[in-house]
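Start from chain A and add chain B according to the hints.
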Amino acid sequence: MILATAELIGIFKWLHGLLVDLGLKEPWLTVVVYGLLSVTIFGVLCLIALFLVWWERKIAGHIQQRFGPMRNGWHGWYQTVMDALKLLQKEDILVDTRDRPVFFWAPVICFVAAFLAYIVIPFGKGLIVADLNIGILYIIAITTFTVISLLMAGWGSHNKYALLGGMRSAAQVVSYEVPMVASILTVIIFSGSLSMVDITESQQGNFIFNWFIFRPPFGIIAFITYIIAATAEANRTPFDIPEAEQELVAGFNIEYSGMKFAMFFLAEFVNMFTVSAIATTLFLGGWNGPLLPSWLWFLGKTLLVVLLLMVFRWTFPRLRVDQLMEFAWKFLVPLTFANLILAGWMKYAGWYW
Amino acid sequence: MSKLRTEEFTVNMGPHHPSTHGVCRLILTMDGEKVVKIEPVIGYLHRSMEKICENRTYAQCVPLMDRFEYVTAMSAEYVFVNAVEKLAEVEVPERAEYLRVIMLELNRIASHLIFYGSTAMDIGALTPFIYGLRERELIIDLFEMTCGQRLTYNYMKIGGVSHDIPKEFIPKCREAVKIISEKMSDYEGLLNENPIWLARTKNIGVLSADKAIAYGVSGPILRASGVKYDIRKNEPYSIYDRLDFNIPTRPNGDCYDRYCLRLDEIRESLKIISQALDGLPEGDTLKKVNPFNFRPPAGEIYSRIENSRGEMGVYIVSDGSTKPLRVKMRGSSYNHIQIIPELAPGGLIADLVAIFATFDVIMPEVDR
Numbered sequence: 001m002i003l004a005t006a007e008l009i010g011i012f013k014w015l016h017g018l019l020v021d022l023g024l025k026e027p028w029l030t031v032v033v034y035g036l037l038s039v040t041i042f043g044v045l046c047l048i049a050l051f052l053v054w055w056e057r058k059i060a061g062h063i064q065q066r067f068g069p070m071r072n073g074w075h076g077w078y079q080t081v082m083d084a085l086k087l088l089q090k091e092d093i094l095v096d097t098r099d100r101p102v103f104f105w106a107p108v109i110c111f112v113a114a115f116l117a118y119i120v121i122p123f124g125k126g127l128i129v130a131d132l133n134i135g136i137l138y139i140i141a142i143t144t145f146t147v148i149s150l151l152m153a154g155w156g157s158h159n160k161y162a163l164l165g166g167m168r169s170a171a172q173v174v175s176y177e178v179p180m181v182a183s184i185l186t187v188i189i190f191s192g193s194l195s196m197v198d199i200t201e202s203q204q205g206n207f208i209f210n211w212f213i214f215r216p217p218f219g220i221i222a223f224i225t226y227i228i229a230a231t232a233e234a235n236r237t238p239f240d241i242p243e244a245e246q247e248l249v250a251g252f253n254i255e256y257s258g259m260k261f262a263m264f265f266l267a268e269f270v271n272m273f274t275v276s277a278i279a280t281t282l283f284l285g286g287w288n289g290p291l292l293p294s295w296l297w298f299l300g301k302t303l304l305v306v307l308l309l310m311v312f313r314w315t316f317p318r319l320r321v322d323q324l325m326e327f328a329w330k331f332l333v334p335l336t337f338a339n340l341i342l343a344g345w346m347k348y349a350g351w352y353w
Numbered sequence: 354m355s356k357l358r359t360e361e362f363t364v365n366m367g368p369h370h371p372s373t374h375g376v377c378r379l380i381l382t383m384d385g386e387k388v389v390k391i392e393p394v395i396g397y398l399h400r401s402m403e404k405i406c407e408n409r410t411y412a413q414c415v416p417l418m419d420r421f422e423y424v425t426a427m428s429a430e431y432v433f434v435n436a437v438e439k440l441a442e443v444e445v446p447e448r449a450e451y452l453r454v455i456m457l458e459l460n461r462i463a464s465h466l467i468f469y470g471s472t473a474m475d476i477g478a479l480t481p482f483i484y485g486l487r488e489r490e491l492i493i494d495l496f497e498m499t500c501g502q503r504l505t506y507n508y509m510k511i512g513g514v515s516h517d518i519p520k521e522f523i524p525k526c527r528e529a530v531k532i533i534s535e536k537m538s539d540y541e542g543l544l545n546e547n548p549i550w551l552a553r554t555k556n557i558g559v560l561s562a563d564k565a566i567a568y569g570v571s572g573p574i575l576r577a578s579g580v581k582y583d584i585r586k587n588e589p590y591s592i593y594d595r596l597d598f599n600i601p602t603r604p605n606g607d608c609y610d611r612y613c614l615r616l617d618e619i620r621e622s623l624k625i626i627s628q629a630l631d632g633l634p635e636g637d638t639l640k641k642v643n644p645f646n647f648r649p650p651a652g653e654i655y656s657r658i659e660n661s662r663g664e665m666g667v668y669i670v671s672d673g674s675t676k677p678l679r680v681k682m683r684g685s686s687y688n689h690i691q692i693i694p695e696l697a698p699g700g701l702i703a704d705l706v707a708i709f710a711t712f713d714v715i716m717p718e719v720d721r
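Heads up: the sequence lines are chains A and B, in that order. For the first sequence, our numbering assigns the number 1 to the initial residue and increments by one for each residue that follows. For the second sequence, our numbering assigns the number 354 to the initial residue and increments by one for each residue that follows.
In isolation and in its complexed conformation, chain A is listed as follows (with noise of 0.2 Å):
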C-alpha cells in the first residue's frame, strides 16, 4: 500500500483511526481513504480553479485600468460561482455533423487529465495523496494526456476552426514538452530523485537558498525555460496559438457550450495552477520556508508563479504558429539540453555543490 497513515494530516488520520475502530477492513479501508482525499483534493481544487478564474479578472482589470467584477459581493468575489452557475443551467447545443463519443468524451478526458497530476503534488509537509518514487515522471505523463482531449475536441466538433485548434495544441505541447522535460532534469540532478516529497525535502534547510532556484547559473536557467515551457504548455498568452481568439474564433472549444465549455475552461485554470505547483515544488523550494506553516508557503509561492503567468497573458501579444514552433526548438531546446549537460557533467566532476 503506497498510503502511510502517518503521511496524512490530523483529521484523515482520525479519520482513518475512526474507520479503523467501526471495523472497516482492508482493501475497503483503503478505497474510502483515498475515495475521501479525492473528493477533498477535488473541491479544493474546483474552489481554486473559481479563484483564479475571478484573480485573473481582477488582475486584468487592473493591468488595463478598470476595475474588474465589482457587482457580486466584495470586489465580485463570487462572481465566478454564479458564473459557473449560469454555464451548468445553459442548454448544451451540439452538433449534428460531430462525432458523438469523441465529442462527448474530449472535455471528460481534460478535465480528469487536470486533475490527476495533484495525487503527487506535496500541498505541505506531509500533504501529499500518494509520494510515487516516480513523482515528477508520473507528473509529465499525465499533463500531457490533455493535448489528447484537445485534439478530440478539435476532431469531435467538426469545425474547421476547431480542428486547427486542435493540431495547432498537438504540434505545441508535443514541441514545449521537449525543453520542459529537458529543464526538470536539470532538477532531478540537483536533487537525485524522481519522488516530489525527495526533491522538496532536497531544499530544506539554510534559510531559503538552499532552493534550487538559488543554483546559479543552472536553476536559473532551467527555472526560467521551465516557466516558458509551461506557459506553453497551459495554453496561455503568448503561447495560446490553439484557441487564438482573433484566427481561430476560439479554437478547439468552439463548438463546445454550458457544462461542456466549463469543464475545459476550469481545466485550463487548473493546468495553469498545476504547472505553477510544480514549479514552486522543483525550483522555489515546495513547502519549505521559515516561520510560516508549510501549506501557506506552498500556496504563496505557486499563486506567486500564477500571477506571473497571468501578468504574462495580459502584456504581450500572441506569437505566430511558426515563430512558436522555431522558438521552441531553435532556442529552447538547445540551451536546456546545453544547461542540463553542463549541469550534469559539474555535479559529475564535483565542482559544484
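Derived by calculation from the structure, the hints in this document are not laboratory data. Heads up, some of the hints might be wrong.
[What the hints assert, rightly or not] Simulated crosslink set (BS3-like; lysine-lysine; CA at most 30 Å straight-line):
| hint | chain 1 | residue 1 | chain 2 | residue 2 |
| --- | --- | --- | --- | --- |
| 1 | A | 160 | B | 390 |
| 2 | B | 586 | B | 555 |
| 3 | A | 160 | B | 356 |
| 4 | A | 330 | B | 555 |
| 5 | B | 640 | B | 525 |
| 6 | B | 387 | A | 160 |
[Stated by the list, open to error] Anything over 12 Å on all C-beta distances counts as not near chain A; from chain B, calculated:
| hint | residue |
| --- | --- |
| 7 | 372 |
| 8 | 528 |
| 9 | 535 |
| 10 | 553 |
| 11 | 704 |
Note that the Cβ used here is the ideal one computed from N, Cα and C, for glycine as well.
Frame of chain A; chain B shown alone:
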C-alpha cells in the same frame, strides 16, 4: 514511403468573426495553416445609402453620412457638406472652418486610437485596446459637450456647424491634447520594441509603392509605403493651407510601418489642433440657409478630403431641385480591401489577421 498527400480546404472567415472588423466575409483556401487564396465577400452591410440620398433634401443627407463612416463620422459629414457648399458657392464663416478642422482632427485621433487598440488586440495583446479607448473617451466627451452626440454627430451643416463650442471646450480640449501627447510614449512603450510585436509585424504584408498606387490605395497605408501624398497638403481644403504640419511617411510598407505611421499622424494632428485653437477667431458659426428650400444650381461636383483611412470623396449631381439627382460616395476601405487578396496569400492565417488589422478597413465604408 510515398510522398505525403495534403489537401487544401476552405475556411469561411466571417461575416461574424472577431477580427474582420464588422461583417466582412473572407473565403479562405488554406493549405494547413497557410493561406493559399482569399476571396472577400462584401455587401453584408449594404444600406443603399446612395439611393436613399436621392430621396432626401441636402440637409437631410448629412445625418446619413454619419453612418457612411461611423468611426470618423465628422469627416464623412464634412466631405458631403463641403461638396454642397462648393456647388452652391455658400460662404462659410471663418470660425466655423476652424471648428470644423478641430473636430476633423480630433476625430482622426479618435479613429487612430481605435486602430491602435484593435490592431494590438488582433495580434493578441489585449491590454492596449483599453488604453486606446481610454484616451478616445476624452475626445468623445469633447464632442458630446459640443453637439450632444458621441458617435454620430450631425454637427456639420451646410454653411457652418450646428453648435458653437461651449466656454469649457477650449481648456478641456487643450487638456486632452496634453494628456494624449503624454500618453503617446505609453502606447509606444507597450508595443514598439516588444520582440513578439516586431516578429508579428515586421516584413509582414509588404505593400510596394507601385502596387499601392496601382490599386488606388490612399491615406496612411500609401504613406507607409513611402509615397508622400496627403490631400490636406496636395490639395488643401478648409484652412489646412494656413496650418503648419508635416506628412509623416515610412519606407517599408509592412504592417509595422503602417502601425507606426498612424502613431506619427496622431502627433501631427495634435499639432494641428493646438494651432487651430490658437487661431480660433470670434464670430458666427453658421450661415443660415433654408434647409427645405435649398437649391444648388444644376451641375456636378466631386469633393475629396483626407480622412483617417485615406481619400474620402463624394460626387454629387444636382438638377437644381432640393434633392440631389445622384450621390456617389467613395470610401477608401473599398480600395483597400481589394488588395488584401494580393498581399496575404503565402502567409499564415495569423499574418492575414495582422494585415487586415493594419489596413484598418471598416465595413460601412465598403458597403455603404
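Need the status of pair residue 330 of chain A, residue 555 of chain B: alpha-carbon distance at most 30 Å?
20 Å, holds
Take a quick look at whether residue 586 of chain B and residue 555 of chain B sit within 30 Å of each other, Cα to Cα.
The hint holds at about 29 Å.
Hinted pair residue 640 of chain B and residue 525 of chain B, Cα distance within 30 Å
Given that 30 Å is the threshold and the Cα spacing comes to 27 Å, the pair holds.
Between the alpha carbons of residue 160 of chain A and residue 390 of chain B, is the straight-line distance 30 Å or under?
16 Å, holds
Pair hint outcome, residue 387 of chain B versus residue 160 of chain A [Cα-Cα no greater than 30 Å]:
14 Å, holds
Taking the closest pair, is the beta carbon of residue 372 of chain B still more than 12 Å from chain A?
4 Å, violated
Does the claim that residue 553 of chain B lies outside the interface with chain A hold up, using a Cβ gap greater than 12 Å?
Violated, because the least Cβ-Cβ distance between residue 553 of chain B and chain A comes to about 6 Å, which does not exceed 12 Å.
30 Å Cα cutoff - pair residue 160 of chain A, residue 356 of chain B:
Roughly 24 Å between the alpha carbons, so the hint for residue 160 of chain A and residue 356 of chain B holds.
Just want to verify: residue 535 of chain B was marked as not at the interface with chain A; is every Cβ pair farther apart than 12 Å?
Residue 535 of chain B is indeed farther than 12 Å from all Cβ atoms of chain A, at 15 Å.
Is the Cβ of residue 528 of chain B more than 12 Å away from each Cβ in chain A?
18 Å, holds
Cβ separation check - residue 704 of chain B to all of chain A, threshold 12 Å:
At about 7 Å from chain A, residue 704 of chain B fails to clear the 12 Å cut-off, so the statement is violated.
The structure fails to meet hints 7, 10 and 11 from the earlier list, while all remaining hints are met.
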